[in-house]
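Number of protein chains: 2
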Amino acid sequence: MLKIALIGAGNLGSHLFEAWSASSEVQLTQWLNRSYAHPNCKGVAVIQELSSLAPTDAYVLALPDREISTVSAQLPTTGIALHTSGSMPLDVLKNQGGKGVFYPLQSFSKKQSVAFDRIPFFLESEHKAHHSLLEQLAKSLSPNFFWMDSKQRLQLHIAAVFVNNFTNHLYQIGADLCEKNNIPFSVLFPLIETTAAKVQQLSPNEAQTGPARRKDIAILEKHLQHLDNPQQKELYQQLTLAIQQQYNDEL
Amino acid sequence: MLKIALIGAGNLGSHLFEAWSASSEVQLTQWLNRSYAHPNCKGVAVIQELSSLAPTDAYVLALPDREISTVSAQLPTTGIALHTSGSMPLDVLKNQGGKGVFYPLQSFSKKQSVAFDRIPFFLESEHKAHHSLLEQLAKSLSPNFFWMDSKQRLQLHIAAVFVNNFTNHLYQIGADLCEKNNIPFSVLFPLIETTAAKVQQLSPNEAQTGPARRKDIAILEKHLQHLDNPQQKELYQQLTLAIQQQYNDEL
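Keeping their order, the protein sequence lines are chains E and V.
Per the numbering used here, the first sequence starts with residue 85, numbered consecutively.
Per the numbering used here, the second sequence starts with residue 85, numbered consecutively.
One should not assume that every hint holds.
Because identical chains share one entry, a pair is satisfied inside a single copy or across any pair of copies.
[Unchecked claim] Quick list of in silico lysine-lysine cross-link-like pairs, BS3-like style, CA-CA up to 25 Å:
{"#": "1", "residue 1": "Lys178", "residue 2": "Lys306"}
{"#": "2", "residue 1": "Lys299", "residue 2": "Lys317"}
{"#": "3", "residue 1": "Lys306", "residue 2": "Lys235"}
{"#": "4", "residue 1": "Lys299", "residue 2": "Lys194"}
{"#": "5", "residue 1": "Lys235", "residue 2": "Lys212"}
{"#": "6", "residue 1": "Lys235", "residue 2": "Lys299"}
{"#": "7", "residue 1": "Lys195", "residue 2": "Lys299"}
Hints listed in this document are in silico derivations from the structure and should not be mistaken for laboratory results.
Could you put the whole structure together from the sequences, leaning on the hints where they help?
See the structure below:
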């Protein structure tokens with residue numbers, strides 16, 4: 085059975101721990117979790133220091149991007165180090181053993197449970213010899229995995245910021261407008277869901293509707309007049325312009 | 085049984101026709117559809133001219149906002165006129181009979197079928213006497229309906245533009261980045277779905293993750309360096325700023 089050590093206990097680290105500590109396909113040998121005071125959690129040895137790491141097949145680094153280099157440099161000299169970052173290249177890893185990337189494309193919140201089997205994993209490996217190890221590790225969590233180089237992965241991460249972080253901010257603006265006007269935010273849920281579902285059937289280009297696409301100047305101006313928050317107004321204008329230009333370009 | 089005439093055959097009009105022509109709770113007496121050459125469609129009389137409208141209980145105007153005034157002024161003098169616009173006030177109606185609003189909060193595309201029973205309807209009526217008619221009409225399509233005045237409805241429509249039209253544009257940017265980098269857009273679907281689902285359990289404020297919220301300057305700069313399209317870059321900056329300010333304000 086594949087033996088791995090997990091380094092990190094943030095949003096991603098905690099969810100990986102939950103999944104792998106209960107896995108029959110992977111044996112979690114150690115968990116570096118500095119905020120956990122007990123030596124054992126769910127049968128896994130918890131350690132506080134990198135120097136306590138024992139040699140194992142793979143070290144999974146669920147760490148902030150800026151810590152990957154330094155931490156990887158302190159790993160045991162055997163075994164493959166895998167980082168989990170969308171935007172960092174493979175060669176940010178400074179360990180002496182194998183190097184690879186194990187990037188799950190999802191937004192993790194500690195409060196929210198995770199269905200790993202629906203999450204796509206993006207894999208990269210310095211050496212072909214490690215392909216089967218990486219695939220075995222991915223399969224322990226999800227049937228959806230893809231091989232991808234560092235350049236593509238960075239672009240995918242940028243795309244993910246748009247469809248996840250930035251979309252969530254648009255939801256935030258919707259919630260804010262509802263709250264200010266004494267409307268339950270939940271009335272927007274069916275629209276939010278349909279918008280997310282529609283784009284999986286039509287392309288976003290076909291799915292676009294609304295005053296910006298229709299170039300309905302009267303409504304656009306009325307909306308701007310009735311937006312009090314200058315930042316929301318600015319975003320309304322920028323996004324409207326972007327939509328208008330997209331459909332201009334197509335004429 | 086409630087008798088209604090439907091005016092308009094655009095995205096919304098076509099879907100309302102499909103639903104009401106098959107309804108056992110509402111009798112569709114006439115459909116004004118200028119692009120349909122036959123005098124009858126699914127048992128409903130199709131007309132080409134407003135002057136062909138016969139008196140009925142309610143006239144539902146599924147029309148572009150700018151046509152509501154002119155068309156409503158030409159309606160028969162009895163019966164209630166109902167417009168279906170989010171951003172137009174009740175008093176844009178110029179008919180002599182009753183006036184009301186029947187606004188379904190959803191984005192309609194002709195290509196995509198509609199589950200009206202999941203859509204919330206927002207109702208407004210000039211006279212209390214028409215409340216039961218409007219509720220009966222709403223119930224013929226959906227159990228979710230709310231009373232709301234014109235001022236609130238305009239704000240709700242602005243919120244809908246953010247969570248639907250603008251969100252769809254962010255999906256479009258995601259699709260564009262994927263296409264340019266030879267990545268199937270479908271790998272983003274689980275993330276799009278989770279983002280839409282999460283906001284229904286956590287608040288958008290709690291659900292926010294990513295480099296903008298974390299103020300991860302190194303990643304933000306790397307993403308901007310690797311975005312070629314100036315408009316995408318501008319939106320990335322604006323949305324990042326908006327997220328950063330939101331979490332600043334909370335400190």
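Hint check:
1. Lys178 with Lys306: For lysine 178 and lysine 306, the Cα distance is within 25 Å only across copies (20 Å; inside one copy 56 Å).
2. Lys299 with Lys317: both (17 Å within a copy, 23 Å between copies)
3. Lys306 with Lys235: between (43 Å within a copy, 12 Å between copies)
4. Lys299 with Lys194: between (42 Å within a copy, 19 Å between copies)
5. Lys235 with Lys212: Close inside one copy (18 Å), not across copies (63 Å); limit 25 Å.
6. Lys235 with Lys299: Only across copies: lysine 235 and lysine 299 sit 23 Å apart there, 37 Å inside one copy, limit 25 Å.
7. Lys195 with Lys299: between (41 Å within a copy, 21 Å between copies)
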